Amino acid sequence: MLRFVLDKFWDESIWLPENTTWNDITPGSNKDIVYTDYRHLLYPPPLAVDKPSTLVKFCENMWAITFYVYSFSFGLYVMWDKEWLWNIDHCFIGYPHQ
9 MLRFVLDKFW DESIWLPENT TWNDITPGSN KDIVYTDYRH LLYPPPLAVD KPSTLVKFCE
69 NMWAITFYVY SFSFGLYVMW DKEWLWNIDH CFIGYPHQ
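Read left to right, the sequence shown gives residues 9 to 106 (the numbering used here).
It is worth saying that the hints were derived from the structure and are not from the lab.
Warning: the hint list may mix true and false statements.
List of simulated lysine to any residue pairs, SDA-like, C-alpha gap at most 25 Å [what the hints assert, rightly or not]: (1) K90 - W71; (2) K65 - Y78; (3) K59 - P35; (4) K39 - E20; (5) K16 - T29; (6) K39 - L24; (7) K59 - R47; (8) K16 - R47; (9) K90 - V77; (10) K39 - N27; (11) K16 - T34; (12) K16 - D32; (13) K59 - V42; (14) K65 - V77; (15) K16 - W30; (16) K59 - A72; (17) K90 - S79; (18) K90 - F75; (19) K16 - T28; (20) K16 - N31; (21) K59 - Y43; (22) K39 - K65; (23) K39 - K59.
Only a predicted model underlies this, so the values are computations on that prediction, with no experimental measurement involved.
From just these sequences and the hints, can you work out the full model?
Right under this line is the structure:
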């Protein structure tokens, strides 16, 4: 049962282009094709370890909070005297020909 499921999962018609087999892409069958090697991954993982400090995260969040508070306050300032801010029914008066 497991062999049947694995054969269906790794079927060439699903994963490979037409007229291509798994033997065509095995490493070493064609010297013109260079595949990735796990040793190529030795350099990138240390870059992922360099996490931002608490101060950097705090500063980014403070800028975000400042932006959102300013945007919300400006929106209230602009909309304060509009009727549709206080009564949502005014949004639909004359709909769809406003």
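Hint check results:
1. K90 - W71: violated, 29 Å
2. K65 - Y78: holds, 20 Å
3. K59 - P35: violated, 36 Å
4. K39 - E20: holds, 22 Å
5. K16 - T29: Between K16 and T29 the Cα gap is close to 15 Å, so the pair holds against 25 Å.
6. K39 - L24: It holds: about 20 Å lies between the C-alpha atoms, which stays within 25 Å.
7. K59 - R47: holds, 23 Å
8. K16 - R47: Not OK: K16 and R47 at ~31 Å, beyond 25 Å, violated.
9. K90 - V77: holds, 20 Å
10. K39 - N27: Within the cut-off at roughly 20 Å; holds.
11. K16 - T34: holds, 19 Å
12. K16 - D32: holds, 19 Å
13. K59 - V42: Roughly 33 Å between the alpha carbons, so the hint for K59 and V42 is violated.
14. K65 - V77: holds, 18 Å
15. K16 - W30: holds, 14 Å
16. K59 - A72: holds, 19 Å
17. K90 - S79: Answer holds: K90 to S79 is near 17 Å, not above 25 Å.
18. K90 - F75: holds, 23 Å
19. K16 - T28: Holds. K16 to T28 sits at ~17 Å (cutoff 25 Å).
20. K16 - N31: Holds, at roughly 17 Å.
21. K59 - Y43: Violated: K59 and Y43 sit about 30 Å apart, past 25 Å.
22. K39 - K65: violated, 48 Å
23. K39 - K59: Since the Cα atoms of K39 and K59 sit roughly 40 Å apart, the hinted pair is violated (cutoff 25 Å).
Against the hints set out earlier in the document, violations occur for numbers 1, 3, 8, 13, 21, 22, 23.
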